[in-house]
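Engineer: Please model the entire structure based on the sequences and the hints provided.
Listed below, chain by chain, are the residues.
Number of protein chains: 4
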Amino acid sequence: MNKWKNLKIGKQTIDDLIKQMKYTAFNARSLGEAVDIIEKMITDKNCVKFLGLSGALVPSGMRLCIVEMIKRNWIDIIVSTGANITHDIAQCFGETYDQIDPEYVDDLELRKKGFDRIYDLVSPVETMETMENNILEILNKIDEKEYSTFELLNEIGKHLNDNQSIVRNAHLNKVKLIVPAFIDSVLGLQVWVNSQTRNLKVNEFKDLGYVVNLNFDLKKKGKNTGCLILGGGVPKNFILQSVLMADKPHKYVVQITTDTPHYGGLSGATLKEALSWGKVDEKSLFTTVYCDTTIALPLIVNSLIERL
Amino acid sequence: MNKWKNLKIGKQTIDDLIKQMKYTAFNARSLGEAVDIIEKMITDKNCVKFLGLSGALVPSGMRLCIVEMIKRNWIDIIVSTGANITHDIAQCFGETYDQIDPEYVDDLELRKKGFDRIYDLVSPVETMETMENNILEILNKIDEKEYSTFELLNEIGKHLNDNQSIVRNAHLNKVKLIVPAFIDSVLGLQVWVNSQTRNLKVNEFKDLGYVVNLNFDLKKKGKNTGCLILGGGVPKNFILQSVLMADKPHKYVVQITTDTPHYGGLSGATLKEALSWGKVDEKSLFTTVYCDTTIALPLIVNSLIERL
Amino acid sequence: MNKWKNLKIGKQTIDDLIKQMKYTAFNARSLGEAVDIIEKMITDKNCVKFLGLSGALVPSGMRLCIVEMIKRNWIDIIVSTGANITHDIAQCFGETYDQIDPEYVDDLELRKKGFDRIYDLVSPVETMETMENNILEILNKIDEKEYSTFELLNEIGKHLNDNQSIVRNAHLNKVKLIVPAFIDSVLGLQVWVNSQTRNLKVNEFKDLGYVVNLNFDLKKKGKNTGCLILGGGVPKNFILQSVLMADKPHKYVVQITTDTPHYGGLSGATLKEALSWGKVDEKSLFTTVYCDTTIALPLIVNSLIERL
Amino acid sequence: MNKWKNLKIGKQTIDDLIKQMKYTAFNARSLGEAVDIIEKMITDKNCVKFLGLSGALVPSGMRLCIVEMIKRNWIDIIVSTGANITHDIAQCFGETYDQIDPEYVDDLELRKKGFDRIYDLVSPVETMETMENNILEILNKIDEKEYSTFELLNEIGKHLNDNQSIVRNAHLNKVKLIVPAFIDSVLGLQVWVNSQTRNLKVNEFKDLGYVVNLNFDLKKKGKNTGCLILGGGVPKNFILQSVLMADKPHKYVVQITTDTPHYGGLSGATLKEALSWGKVDEKSLFTTVYCDTTIALPLIVNSLIERL
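Residue numbers (the working numbering), protein chains in the order written: chain Z, 2 to 309; chain V, 2 to 309; chain F, 2 to 309; chain A, 2 to 309.
Simulated from the structure, these hints should not be mistaken for laboratory data. Hints are not guaranteed to be accurate.
No distinction is drawn between identical chains; accordingly, a pair holds when it is met within one copy or between any pair of copies.
Okay, derived cross-link-like pairs now, BS3-like style, lysine-lysine, Cα gap no bigger than 30 Å in a straight line [as the list claims (entries may be wrong)]: (1) LYS114 to LYS12; (2) LYS159 to LYS46; (3) LYS202 to LYS9; (4) LYS220 to LYS23; (5) LYS41 to LYS12; (6) LYS23 to LYS12; (7) LYS6 to LYS202; (8) LYS113 to LYS284; (9) LYS175 to LYS72; (10) LYS12 to LYS222.
Structural biologist: Below, the structure is given as C-alpha cells:
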C-alpha cells in the first residue's frame, strides 16, 4: 500500500501521469499499479508472457498497440477470439471502418447499403468478402496437413504483406497465436470451406497439448508465467486455466475489463477468486483495471515505452 | 408498443406478474416481452430453436431450468461454454457446492483446504477429480473415431445415469449440444488426455459443417430459427453467426445479459446492431433483458409452464 | 450459509420460487436472502423502518408496490428523490405514459410533438403542466409558514384525492416523506414559485433536526432501525448516514441496485464498507441484490404478501 | 463523423494521444471528442459553464484537477454533492487517506481502529472530527443571516487558508458552488448544529432563485451555457434541469460516467434522451464517456492545458 496523494496537473508525460495515478484511488490507482506489474513481467527474463484478446480490439483501432508489444518482445503467446484475428487479416486486405453515431444509426439502412456495424463503427461487407477471397488463396498455398491453430496462423502469417498485422508480426517474432474457439469466426469458416476440398485440417488438441507440455516444461525449468488479459471470455479462461495442469500459478496478472464480479461469470471474476483455484498464488502480483481497453491500453503501452 | 399501466400487487401467479410487467418499463417490461417472444418461438412448429449458455449457470443452480426446457422440446440445439457442460457432468458424479459470502472469503485458505470458488459458491476439488476419473472411464467405452462436439457429447450422454443432467437429457431428446471452445474446459482436457492413448478425436469442423448445412437446409425448407441467449461470449456469437451462411435471419431472439453495449464488445451488443449483419431482420421479434440470469430464467421457465 | 440446491421448476407461487432462490447463487440467492431480511425487519415490532427511492420508480410503474408497503405499515420514513414525488403527484392529475422503443426513438421529433422521454417511456409535456397548475392551487390552500419537506408533503397529501398516491397514503398512514434535494425537482420549483408571492417556506434543517432527534430518541429507547434502499444517490446516503449521530447502526439493510462498487462512488458502495462507518455492525442483517428494481421489487412485495 | 484510423503508439504527449483517440472507437473516441467539446465550451467567451461533481472525487485525489479548472476560469458554477465539499474542507484541516486493498480489508477492524473506508481508501475518523471542530469555528465567525448554499460556501471560502481547496478557489475566482442536497452531508449537519444556537440559516430556495433568474437573464442576453458533468445523481439532474425554465438548451455537454442507460435512471440517461426535454437541442455538441472519472478527468485537464 502506498501513501495517498492528490494528483497534480501540469506539464508532464503520459508515464508521469500514470506514475502519479498510482498514489490516488479507484481505477486510476489500479492503472498505475497495472503498469508497474506489466513492467516487472516484461523485464523478468525468466518469464513466459501471455496476452489475452477479447472484445472488438482490432476494429477499435488498437491493432498497433498489440503489434508494438509483439515487436518489442513483450509477449510470447497470444490467446484471442477468432474475430480479432479475422479483422487483423481483413485489414491486411483493406478492411477499414467509418465512425457512426450508435444512438442515431439506422441498422436496416446499413444492411441495405451493405455495411456491418460494430457499435460506433461500420465496415463495408465487401471488405470482409475481399478478406475471404484472399484468405482462401493463401490457404491454397499452405501444405495439406493437420495444424494447431497457432501453427496454421504462423503459416498464414508467412503470406501476409502487411507489416502492421498482428498475425504477420506474430509469425516474424515467433509469438504463438492460439484461437480456442476457432470455428466461431469468419476465418474458421473459410478454413472449413478450404478443408472441404483439401486435406488441410485444424486440430485444436495440438494447441492444448502444446500448452500442457509448456506447463510441465516451465515447472521443470523453474520459469515464471504472467499475463495481460484484455477483456474476458474464452481468452481469459484459457490463459488462467493454462497453468493449472502443472500447478504453476501465474506470477504476474493484469486484467483490463468492464465486466463485474457480482453476476458470477468468469469474465468478471476477481483475481482474488483465482487464488482459490491456484491460477495465482500469494506471491503473485495482480490487479484489475475496470476501464474500456481503448482508453487503458494506449496509456499502458505508451507508459511502458517511456520506461523501457 | 403497449399502453403503460402501473403494476398491481396482490394474489397472483408468476405468469400473472410477468404479464403485468409487460405494461410497465425498463427491464420488467423487457422481461414481459421476452416471455411472449419465447412463447411464440416455442409454439412455432416450423422453427429450429437454439439455446446459448454462458456464465456459471450450472453451478448457480439453473440446471433443472435448462433440463425442463429440453424435456418439453422447447430447444433443438444448445451452444454452450465448456464449463457449463463440465459442471453438468460433474454433478452427475456428486459435485455439489456450499454457499459462501464473497466479501468475507479467504481464498488462500480455500486453496489450502481444497476448495475452488465460483463467486459465492465453493466446491471441493475432489469432486472435480471424481468427475475426471469418471469421464475418463466413460471415454474408454466410446468408440475410437472422430467426433463433432455434439456427437461426442451424445455418446457421453448415453453413459450418464443422472436424469437431471443436461447432457443426458440432450441425448434422450435428440438435442444437439455444441461446445465451440471445447479445448477451453476441464472436459476438453480429459478428452485430450484420452486421445493421447486412444484414437478418439474431436473435430470441431464437423460441428461447423453441421451448422452450415442446417442453414442451407432450413432456407430450402422455408423454416424459421430462433434463440434464447443466456449471457454473451462464444455461444452468443456462434448462434447469431450461425444463420449468416444462408442469409437467414433469426425470427425470434431473446438475450438475457448484464453486459452493456457501450464498451463495444459483442457480448454486450444490441440486437438492433445485429440487424446490420442480417442476424435478425425487420420481421424478427427480439428483445434484451438486462438481468442476472439466475433471476430471469426461473421466472421465464415458470411463466411458460403456466402458459403451455 | 445454506447448503446449495438446484432450483426446481414447476407449479409454485412467487414466494415458493423466492424461497428456492435462497439456496442457489448470485443474485437469485441474494434476492431470496433479501426477502427474509425484510420479513424480519417488518415483523420486528421494535424497529423504525426506512425506504429509499431513487431512479424513475414511479414512472416505471412501481407506484402501487410502494403504496402497498405503506398501507401495510411496513414503512415509517421514506427518503426520496424529488422526481419520484413529482411524478406521484403528477399521476394524481392524470400523468400517464406510452411505451416506446429506446433504440428507435427520435428525440427531436418527441420534442416537437411535446413528449418527454424517460428511457422507454414518453409522457406528454401537458401532463406535467397540469401537475404544475394543480400543485400551485394546492399550495395556495396551505398555511403560510416554514415547513420541513415531510411536513409540506403531509399537507399536500391532505389535498390529493388519488388513493393510489404515495404522497396521499404517506399522509393517511403517518409515514414521513423526506426529500433532501427538494430544490432539484419540478415540485421544488413550483414551491419556489409559490414562495415568491406567499410566505410559505421550506426549511430542510427541520428535516435534518427531526432525523437527529429521532436518532437519539431511538437509542434511548433501545429501538432498532432498518431500511430497504431502492437505487443509490442521495436517498441511500441520507438513510445510511441518518443513524450515525447517535452511533446506532441499522439492524436490517437491503439494497437493490445496479451500481457497482469498483468505481468508488457511494451509490455502488457495498454494505460491508458501511461496517467501517458504523452504519451497520456485526449483528446487522444485510444484503445487496444487483437487479433492476422493476423486476426485484414486485417479486419482493408479492412474496412478503404471501408470507405475512 | 471522422474517418477511422488505427491509433499509433510512440513518443507523444497526452494531448497527442487524446487527439488520436478521436479517430478510433468506443470510449477512446468519445474521450477524444469530449476534449474537443470542452475546448470549444471554454473558449466560447459568450458561455456560462457548469461543472457537476458526483462520486468520491475529492477523496480519490482529483481535487487539484478541479482547482486547476477553477483557476483557469474554465468554470462559472459548480454543482456538487455535499460529500465532495465536506472532504475538500476536511483536507484543508489535514484529512488524508491511506490506500487499502478493498478485497482484503476487514471493515470491523477498521471500525475498531477508527477508520472510515471509501472503496480502496481509509481515513481516520479524527480527521473528520477535526474538520467538524474547525468548520464550527469558522461558522461562528460568519454573520447570522439567511444564505443560499453558494453564499454560505463563499463565506466559508474566505476563512480557509488552503490554496489547494475547491471552496477557497471558488471564493477567490467568483465561482458559485451550489449543493442542492445540502442536508445530506457532514458539512450540512455542522451548519445545522450551528443553527441551533445562532441565527445562521441556509435557504436553498435562494440557490434555486439564482438559477431561475440566471436562466432568463442568459436568454435575454443571448448567452450560451455548457457543462462538464462528472458522475450522475443530483448534480447531473440539477445542471440539466437548470436551463429548462427559460427554454434554453445547453450548447455544450460532456458527461463522464459509468452508469448505464438501460436501467432507466437519470444518472445513466443518454444525452440524446435529454433532447426530448429540451435540455440540449439539435445544435448542441454533446457526448458521453463511459469511464472512471479518476482516469478520464486528469487526461482531459492535461490535454486542455496543452491546448490552451
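Engineer: At most 30 Å between C-alpha atoms: does LYS12 with LYS222 qualify within a copy, between copies, both, or neither?
Structural biologist: Close neither inside one copy (46 Å) nor across copies (37 Å); limit 30 Å.
Engineer: First find the shortest C-alpha distance between LYS175 and LYS72 inside one copy, then the shortest across copies, and answer within, between, both or neither for a cut-off of 30 Å.
Structural biologist: within (10 Å within a copy, 49 Å between copies)
Engineer: With 30 Å as the alpha-carbon cut-off, assign the pair LYS159 and LYS46 to within, between, both or neither.
Structural biologist: Result: close within a single copy only, 28 Å intra versus 50 Å inter.
Engineer: How would you classify LYS23 and LYS12 at a CA-CA limit of 30 Å: within, between, both, or neither?
Structural biologist: both (18 Å within a copy, 22 Å between copies)
Engineer: Up to 30 Å between alpha-carbons, please classify LYS6 paired with LYS202: within, between, both or neither.
Structural biologist: neither (57 Å within a copy, 35 Å between copies)
Engineer: Using 30 Å as the alpha carbon limit, work out where LYS220 and LYS23 are close: within a copy, between copies, both or neither.
Structural biologist: neither (33 Å within a copy, 42 Å between copies)
Engineer: Between the shortest in-copy and the shortest cross-copy C-alpha distance, which are at most 30 Å for LYS41 and LYS12: within, between, both, or neither?
Structural biologist: Both: 27 Å inside a chain and 21 Å across chains, each within 30 Å.
Engineer: Measure nothing new, just compare the shortest in-copy and cross-copy C-alpha distances for LYS113 and LYS284 to 30 Å and report within, between, both or neither.
Structural biologist: Answer is between; shortest inter-copy Cα gap is 15 Å, intra-copy 56 Å.
Engineer: Up to 30 Å between alpha-carbons, please classify LYS202 paired with LYS9: within, between, both or neither.
Structural biologist: Answer is neither: 57 Å inside a copy and 36 Å across each miss the 30 Å cutoff.
Engineer: Given a CA cutoff of 30 Å, do LYS114 and LYS12 count as a within-copy pair, a between-copy pair, both, or neither?
Structural biologist: neither (47 Å within a copy, 40 Å between copies)
Violated hints, listed in ascending order, are 1, 3, 4, 7 and 10; each of the other numbered hints is respected by the structure.
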